[in-house]
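Using the sequences and the accompanying hints, generate a full structural model.
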Amino acid sequence: MMSKIVVVDDSQADLKLIEEYLKSAHHTVVSFSDAMNLEDKLVKEKPDVVVMDVVMPGRNGFQACRDLKSDERYKNVPVILCTSKSQESDKFWGQQQGANSYLVKPVKAEALLDAIKDVLRQQ
Amino acid sequence: MAQIEGIVHHVKTVQAASATAATRPVRVCLLSLADESFVIDLRYVREVFEVKSITPVPGVPSILSGVANLRGTVMPIADLRSALGLPIWGTSAKYAVVIQQGVQQIGVLVDKVPEIRDVRPDEYVTAAAQSPEGAHPFVTGILKLAGRMGSLVEVPALLSYVGGTK
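The listed protein sequences correspond, in order, to chains A and Z. If you read the first sequence in the working numbering, its first letter stands for residue 1, the second for the next number, and so on. If you read the second sequence in the working numbering, its first letter stands for residue 1, the second for the next number, and so on.
These are calculated hints, taken from the structure and not from any lab test. Everything numeric in this text was worked out from a predicted model, so none of it was measured.
Calculated lysine-lysine pairs in the DSS-like style (CA-CA distance at most 30 Å, straight line):
| # | chain 1 | residue 1 | chain 2 | residue 2 |
| --- | --- | --- | --- | --- |
| 1 | A | K108 | A | K23 |
| 2 | A | K91 | Z | K112 |
| 3 | A | K108 | A | K75 |
| 4 | A | K117 | A | K46 |
| 5 | Z | K144 | A | K69 |
| 6 | A | K69 | A | K41 |
| 7 | A | K105 | Z | K112 |
| 8 | A | K91 | Z | K94 |
| 9 | A | K46 | A | K108 |
| 10 | Z | K52 | A | K91 |
| 11 | Z | K112 | Z | K144 |
| 12 | A | K105 | A | K117 |
| 13 | A | K23 | A | K41 |
| 14 | A | K4 | A | K23 |
| 15 | A | K69 | Z | K94 |
| 16 | Z | K94 | A | K105 |
| 17 | A | K4 | A | K44 |
| 18 | A | K108 | Z | K52 |
| 19 | A | K105 | A | K23 |
| 20 | A | K44 | A | K105 |
| 21 | A | K46 | A | K4 |
| 22 | A | K75 | A | K44 |
| 23 | A | K75 | A | K4 |
| 24 | A | K16 | A | K4 |
| 25 | A | K16 | A | K69 |
| 26 | A | K69 | A | K44 |
| 27 | A | K105 | Z | K52 |
| 28 | Z | K112 | A | K75 |
| 29 | A | K91 | Z | K144 |
| 30 | A | K44 | A | K23 |
| 31 | Z | K112 | Z | K52 |
| 32 | A | K16 | A | K46 |
| 33 | A | K75 | Z | K144 |
| 34 | A | K69 | Z | K112 |
Next comes the structure, spelled out in structure tokens:
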């Protein structure tokens, strides 16, 4: 099933790679290089899923995920955190922010696409 | 008459909005340190990280244990135990919660990865009744938790305290 995915990552290389993975599965992709004012951007984009890095300048992925999940407009939009932060404590903290899935970089296409299927299935 | 009704309606709307704000849950971060619980407003929490090592720095306020390297950023690390009158022996804390206000940020040592909770304002008890001698300068309230109490740490006051202590 094709979905609209918003990807947020400050690394252009990671952004391109994730875009390629998603487009190969015929998803529609909209990318942003930071999470500042993300809620305003999502008003227009209306994504089915948000795939987001954690370590970003300004507002990080944990903070943005937490805010999306507290926002009536977006609390039901699945958020997949995709990050180099690989400790179990990071995953636990990510879950505490309300993330629907947590992937550790470098992420493979199959893992990302499976995660998207999973979070959409849980909706 | 219509004008009076309009004013009454406005007053009722404002009263209802303020009542809602007063009972609206606040998201907090529940910290554990030396078997005690502390609560900070989640809005100030940036992230949590595992502290591998702390480098002591001479001349910094006594509440600071030193600095840690967080992805290349030098992060001041605060140990609140002595400032809060907690025992300073025992296992050293493994994690730090990064709290931030504006450009100022510090890592606060904690024993485990914090939990997030929603609490209502009426679940707080003000700490104003504490004596000045016994009061902790950045503890502004007590939160009733399940079966225990947690001190509410006011982040701006804590950051001011860290900046002003020796």
